[in-house]
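A.B. asks: Read off the chains here:
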Amino acid sequence: MSFLLSELATRFDLELKGLPEVKIRTAASLLDAGKDDISFCTGRRHLSELEGTQATAVILHPDMADCYGGNALLSENPHLAFARISRLLYPERRRPAGIHPSSVVHAEAFVHHTASIAENVIIEKSVNIAAGCEIGAGCFVGEDTVIGEGTVLKNNITIHHETVVGRSCIMHSGCVIGSDGFGHAREGDHWIPVPQLGKVVIGNDVSIGANTAIDRGALGDTLIGNGVKIDNLVHIAHNVSIGDDTAIAACAGFAGSTVVGKRCTFAGQVGVADNISICDDAHFTGQTAVRSDITVPGVYSSGTLLEETRSWLKNATRFKQLNLLFKQVRDLTKKQA
Amino acid sequence: MSFLLSELATRFDLELKGLPEVKIRTAASLLDAGKDDISFCTGRRHLSELEGTQATAVILHPDMADCYGGNALLSENPHLAFARISRLLYPERRRPAGIHPSSVVHAEAFVHHTASIAENVIIEKSVNIAAGCEIGAGCFVGEDTVIGEGTVLKNNITIHHETVVGRSCIMHSGCVIGSDGFGHAREGDHWIPVPQLGKVVIGNDVSIGANTAIDRGALGDTLIGNGVKIDNLVHIAHNVSIGDDTAIAACAGFAGSTVVGKRCTFAGQVGVADNISICDDAHFTGQTAVRSDITVPGVYSSGTLLEETRSWLKNATRFKQLNLLFKQVRDLTKKQA
Amino acid sequence: MSFLLSELATRFDLELKGLPEVKIRTAASLLDAGKDDISFCTGRRHLSELEGTQATAVILHPDMADCYGGNALLSENPHLAFARISRLLYPERRRPAGIHPSSVVHAEAFVHHTASIAENVIIEKSVNIAAGCEIGAGCFVGEDTVIGEGTVLKNNITIHHETVVGRSCIMHSGCVIGSDGFGHAREGDHWIPVPQLGKVVIGNDVSIGANTAIDRGALGDTLIGNGVKIDNLVHIAHNVSIGDDTAIAACAGFAGSTVVGKRCTFAGQVGVADNISICDDAHFTGQTAVRSDITVPGVYSSGTLLEETRSWLKNATRFKQLNLLFKQVRDLTKKQA
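Chains as they are written, first to last, in this note's numbering: chain P, 47 to 383; chain V, 47 to 383; chain E, 47 to 383.
In case anyone wonders, no lab produced these hints; they're calculated from the structure. Note that this is a predicted model, so its numbers are computed, not measured. Among the hints, erroneous ones may be present.
Identical chains share a label here; the pair holds if one copy fits it or two copies do between them.
[What the hints assert, rightly or not] Capping the alpha-carbon separation at 30 angstroms, the derived lysine-lysine pairs in DSS-like fashion look like this:
hint	residue 1	residue 2
1	Lys81	Lys69
2	Lys381	Lys366
3	Lys308	Lys245
4	Lys171	Lys245
5	Lys308	Lys366
6	Lys366	Lys380
7	Lys366	Lys245
Only chain P is shown next, with the shape it has when bound in the complex (with noise of 0.2 angstroms):
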């Protein structure tokens, strides 16, 4: 497939700069493009690769437009206008309609004529897939669960029973959802599981990462809301809720019932303790750890900064005599006055 930059320009409303009748066949970075690529450049430290690029055209923020001197598409969001132009040359590679003989559909489930079934799929009773869905290959759905219209599974995805899954979601593959949460009542020595009997219930426009897991409710329900993006190998205990449009970055864990505003954003490893309240608008640096309730919104972190084992080493063993030395400055401090 190949496009005009003038058809481009057009087409998502953007202000050329240049030649319009260039052709644009693929997406490239600056500095991989070449003959036919459209490239995007998103701020003045990739200047230098911008001059240097051998794209066909560049998107560009109209305060950059000086800069170069090449074909170019004008955005004040290029990384987005730059989404969406590469969504337009790449489609999403989308299998055809109907039920692969290999998959198990329960005679009372509901699959719509329009939706995929890959092989090895494994559908119980009573799920309701919409139309437009496509389950890859090796995914389980379980009993009474309800997936929206146009939403993708990858491979090997297991979603346990009574989940409700929204609109335009897209779930990596290995991910469990609706798996039993981590409750136990103490007997003893011993722990006695807790039945989970909430369920999962995800929004719409969701995307949960690679081998991710998501539990089940113990009483109510893990709520995920619209928008909301997952990334690999994330942790979501019971009864947790996130709100719409937040990002979680790989490897983070939410523990039970905490609750999660809107637009917040985790980077990776950042772990939440259980029944926490996050506000609104509340970001977090790697592996931070979330031990109280944010009622801020703001930028938070944890840790401490790499430095060389060795001295790192000393560093960290006087961490441990902190107190220690505040009380000493404090007397030191008394004595002098």
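Keeping the supplied structure of chain P fixed, place chains V and E upon it in accordance with the hints.
C.D. replies: Below, chains V and E without anything else, positioned relative to chain P:
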């Protein structure tokens, strides 16, 4: 299914307060409960929820009996009583016995006639599946593995050869048991894999979370004791030994040959180094790094507390000068003396 | 299978001490070894185990030859010699060549006649599986993927389209290769997915752990060098590049576009931020957070040391006043001067 409150009191040996003839059909939290629901209250911090609940009956500690005017069952351990009653109200979904025709069971494997083998399961040679087991769709069970009575495997689980699993265990979807340990010998710049000749031995009443991975031993076995509860996305390396009734929350990791005692608890994202020995009854808060032996029962932590990134960065920068600061304060103290 | 000790000495070019005619059938640790076992000793810290061992023969460093009166093979690298001898004693279990009838192999895929395709495998269009490969039960191999000679995939693995895998690799169960990277452009409050157009390219002799996830590149590819060893539950984001012979322990995570040199080692739960550059021969202790470039080979750490929670909490509270404390000490020093 429904029960009179008096029936529940008798069956679980609990004192009844209020109307014995009310019917209980379902379970819910204090907040969500309504007609026919039983709920539970674990302490005075939930007093306002208790006072406002619409539950038909509530399970309470005897000390709180006077706080509540409605129907109640009194228990020294309300959470445990609730776990038992809700298991009665919501019996586990069990699959019918038998082998689904899409599964491949080796002629020399033994599957008890009361066990259930779901769709697309692979059972290799000399596997032994005991009475009442349930093997979910897409599971693989490797040669010579033995699975004890009543153990349930959810979906898309891989259990490698020679694994020994006890009675009444539950394994959640996507977990991998008996994968090769991460063992390599150095040859110049390269890593040469060391054959992993041991196996994984799992006790009774063990729970293993979704997408958790437990490696087989290198020489000798990886051991998971009776009653151990392991959450999602946990890593247990070769030759680790976990003592009875220890509980491990999500995203925790245990490096090779570490030995953990009984009744320990590990909160989420705790990391334990290799060849560590941890005594019984040791507890670790979230994200703690365990780099040395623990010989005294207690509660342990590491890390720093969350703060705004702006101030955190200043403090974290100072951490790298901490040993120096101690020297300065010592000098000041000396001079002042 | 059994070997004379002299045969092992000859085959692996090791000096023999003691009886050449003893038979070796099995391998075990110094502690567990008995008749017919060969064991190994990696250093003087295992001296008491060495002295007490019942092994028929032990592999030792020449420097330790005098410490042991029994039969021995002498090697500069006992662990490596042991790895090789135990591979001889315990040849890898290989599946017979051929395609199991339950698998679905696309008519336009190529599977070498010496490769083994187990039960319920899906091989899509234009896939190329080379000689001696072994694809385990429940694996999915997407369109246009190429898998090199002798590579083994364990069970329930997903390899997405266009992935390139080298020779003699081993992928452990549940891993996911070539899932979409976590790339989204912001549009107002929402996240718009950016098509992930690159692929994953994996070298030779690579090992990938159970339930590990490696994302495809956004533009350009995610690269895993030759001889790289990756443990369980590791996350590798889009466009990351890992240099040859680097080893990554479990639960580590690498954010997008980070470039790692050769021969690095990452202990468990290490997190590396995005767009970081790490030189060759850099090493990181467990749970270290890498937030800036590493340009000098060495060993690096972050975090604090474990202590009892009660004292930890005091010190961690003081950490938040650390920058203030430095100012106080500076003032004290000035005044005293």
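A.B. asks: Indicate, hint by hint, whether the structure satisfies it.
C.D. replies: Hint check results:
no.	hint	result
1	Lys81 with Lys69	within (9 angstroms within a copy, 68 angstroms between copies)
2	Lys381 with Lys366	both (25 angstroms within a copy, 25 angstroms between copies)
3	Lys308 with Lys245	within (21 angstroms within a copy, 32 angstroms between copies)
4	Lys171 with Lys245	within (16 angstroms within a copy, 37 angstroms between copies)
5	Lys308 with Lys366	between (37 angstroms within a copy, 27 angstroms between copies)
6	Lys366 with Lys380	both (24 angstroms within a copy, 22 angstroms between copies)
7	Lys366 with Lys245	neither (44 angstroms within a copy, 40 angstroms between copies)
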